[in-house]
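S.K.: Residues per chain are reported as follows:
2 protein chains.
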Amino acid sequence: MKTLTVDLGDRSYPIFIGQDLLAQKQLVTPYVKAKQVMIVTNETIAPLYLEKTLALFSDFQAEQVILPDGEEYKNLTILNTIFDELLTQRCDRQVTLVALGGGVIGDMTGFAAACYQRGVPFIQIPTTLLSQVDSSVGGKTGVNHPQGKNMIGAFHQPQCVLIDTDTLNTLEPRQLSAGLAEVVKYGLINDVAFFEWLEQNTERLLNLEPEAIAYAVERSCADKANVVAQDEKEKGMRALLNLGHTFGHTIEAGMGYGQVLHGEAVAIGMVLAAKMSHSLGWVNSECVERTEAILQAMHLPTKIPQGVTPDQMLELMQVDKKVQAGKIRLILMKGIGQSLVVDDYPADILKQTLENGF
Amino acid sequence: MKTLTVDLGDRSYPIFIGQDLLAQKQLVTPYVKAKQVMIVTNETIAPLYLEKTLALFSDFQAEQVILPDGEEYKNLTILNTIFDELLTQRCDRQVTLVALGGGVIGDMTGFAAACYQRGVPFIQIPTTLLSQVDSSVGGKTGVNHPQGKNMIGAFHQPQCVLIDTDTLNTLEPRQLSAGLAEVVKYGLINDVAFFEWLEQNTERLLNLEPEAIAYAVERSCADKANVVAQDEKEKGMRALLNLGHTFGHTIEAGMGYGQVLHGEAVAIGMVLAAKMSHSLGWVNSECVERTEAILQAMHLPTKIPQGVTPDQMLELMQVDKKVQAGKIRLILMKGIGQSLVVDDYPADILKQTLENGF
Chain A
1 MKTLTVDLGD RSYPIFIGQD LLAQKQLVTP YVKAKQVMIV TNETIAPLYL EKTLALFSDF
61 QAEQVILPDG EEYKNLTILN TIFDELLTQR CDRQVTLVAL GGGVIGDMTG FAAACYQRGV
121 PFIQIPTTLL SQVDSSVGGK TGVNHPQGKN MIGAFHQPQC VLIDTDTLNT LEPRQLSAGL
181 AEVVKYGLIN DVAFFEWLEQ NTERLLNLEP EAIAYAVERS CADKANVVAQ DEKEKGMRAL
241 LNLGHTFGHT IEAGMGYGQV LHGEAVAIGM VLAAKMSHSL GWVNSECVER TEAILQAMHL
301 PTKIPQGVTP DQMLELMQVD KKVQAGKIRL ILMKGIGQSL VVDDYPADIL KQTLENGF
Chain B
1001 MKTLTVDLGD RSYPIFIGQD LLAQKQLVTP YVKAKQVMIV TNETIAPLYL EKTLALFSDF
1061 QAEQVILPDG EEYKNLTILN TIFDELLTQR CDRQVTLVAL GGGVIGDMTG FAAACYQRGV
1121 PFIQIPTTLL SQVDSSVGGK TGVNHPQGKN MIGAFHQPQC VLIDTDTLNT LEPRQLSAGL
1181 AEVVKYGLIN DVAFFEWLEQ NTERLLNLEP EAIAYAVERS CADKANVVAQ DEKEKGMRAL
1241 LNLGHTFGHT IEAGMGYGQV LHGEAVAIGM VLAAKMSHSL GWVNSECVER TEAILQAMHL
1301 PTKIPQGVTP DQMLELMQVD KKVQAGKIRL ILMKGIGQSL VVDDYPADIL KQTLENGF
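As they're listed, the protein sequences go chains A and B.
Quick note on our numbering: the first sequence kicks off at 1 and runs consecutively.
Quick note on our numbering: the second sequence kicks off at 1001 and runs consecutively.
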């Protein structure tokens, strides 16, 4: 087992990464504040891991709430079902929420924890590759609004994160690929050595070789934790973690949540970022090709799907959280492992990039 | 004009108190971060003060959203209409929300600000006595859940609070009295001199004499700011501010939100706290009588209304935020100006207090 620490002063917390961790009570027990625990999971994960998780918290009074599965349920209405259950079970301010599932469950459970009685502790047990390498690190929580992704939320750090890589064995191949998109992102942002390792180890990752998976998860979490520790509330460099996301969010919202997986949308978004950077003369065509190639090798889409138009995407970009004073801030590239925040670029190059992205 | 400071380190903020402050742009302008401002108000307040408030922010691009008026609308569904408007108007992360109204508007606007894009700044312009002396100080924000008051929320401090005491001239007498209940509370908690001043100046306050009102608002805010500065997140002494509230919340929830005003419920709750303290032998009957007398002189109810039963109240107390490990924590009294947090008392004395409270 590996332990990483996300360094945030008095909100610092450990990430435990390894096989069969769901069987190891002693890891989580010190992070539960009082007797009550509420496990939040979904219909897909519950049959697979709820029993094990109940055993993990068997020293406590553990309740459960099972949500429908999918990004389309990440909204205030479904969030309220968590509050319903917390109140029905008379959970007090000392309750610890446990997020058992992917990014949607993590984001919603974290946000419920941020808001319930104005804030209670929570523990993340991410069961998808995407949530293990991304949403479980950094304390961003929230739900979607029909007009924009993650528009309603809070920064709320977990007490600890338990990553049992064995849970990936039950992950659908499409979900595994979606997670790999976020892994590639860390390479593209500022870790060229990791990007090269990923190019050489794509097959091992797709075959879920435990050592390769553990390394990819650990390095991704470490890369992200490093950024978050320097800029918890996204006043500056944390924005780099949104590489591919401003483009990606508009594809997700434009197609209707749940149609394209978040990781798939990010993959397409990273290719668009590379292509736009190329149009601006900042990267060579080899950089674009390597970006496309690694994502394709991971069975990820690299083109905007039919069902959303460039105009619709531009419209949706206007309400993205990265907009400031009407300017759409984008994360672009000066090379593999050299991303940067940009809000000054010719508008027609953005439009052209979208038009040529299909 | 008086200026108080709520001392919370880098989240410190000023409270401006005086007449005709809604006409004084220079007070708020330094606290608006960028161009966009969203004024949140309700149907009752909009015809009275929206125009003035728009003028107050005329140097900015000010939008507005008008909510229905009443505690029964303080829920996630109505909260979402604020998000709808923010997104429709394409407000970005730099937008400043302005709460123009009473406690419900302040709590909901503050919570919307806490959650929109994971946190944007806001300004409080409280227009009721209750919100001026209570909910505008301390950063507690949130909405109700059918199973409990203020169960969903956040701590989020405003940039500044503008208290124009002239707005009280349009307040219904019943609302004025409800506000006075919270004023009396500060005396009962730890300010016996203020309590005595209130006993002597009740008529002046009911007649809205500007000097008396300004003094009562200022001293209440100062008393509260003093407590909040010492215990922002209610780990300890801030709980004292809930004197009368645990009882009061169960009356509000039991009767159905909007039937009894919050301040009225707190008045009844304070009398119950005094009576229970008397049953425990902690205060003499004079203390109970003075508590009842001052509230009655302010035209406030002091008995539990028909429509809620002691059993119902006990049931609702179990889900109050003050519950820890199944124990209902109450704020009781050792005398006027000497309140304390108690979680160890004979259960039958609580039950008896409720039964005799009608």
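The set of hints was computed from the structure by calculation and includes no laboratory data.
No experiment lies behind these values; they were computed from the predicted model shown.
Glycine residues also receive a C-beta, built at the ideal position from the N, C-alpha and C atoms.
Some hints here could point you the wrong way.
[As the list claims (entries may be wrong)] If you only want the chain B side, here are some residues facing chain A, beta carbon under 7 angstroms, derived:
# : residue
1 : Leu1087
2 : Asp1092
3 : Gln1147
4 : Phe1155
5 : Ala1293
6 : Gln1296
7 : Lys1327
8 : Ile1328
9 : Arg1329
[What the hints assert, rightly or not] Label-pair distances were calculated between CB atoms; the ranges are:
#  : chain 1 : residue 1 : chain 2 : residue 2 : range
10 : B       : Pro1068   : A       : Gly335    : 51 to 61 angstroms
11 : B       : Asp1343   : A       : Pro305    : 37 to 47 angstroms
12 : A       : Thr29     : B       : Asp1344   : 43 to 53 angstroms
13 : A       : Ile349    : B       : Gln1089   : 47 to 57 angstroms
14 : B       : Lys1035   : A       : Gln230    : 50 to 60 angstroms
S.K.: Tell me the hint numbers this structure goes against, listed in increasing order.
M.R.: 5, 6, 7, 8, 9, 11, 12, 13 and 14
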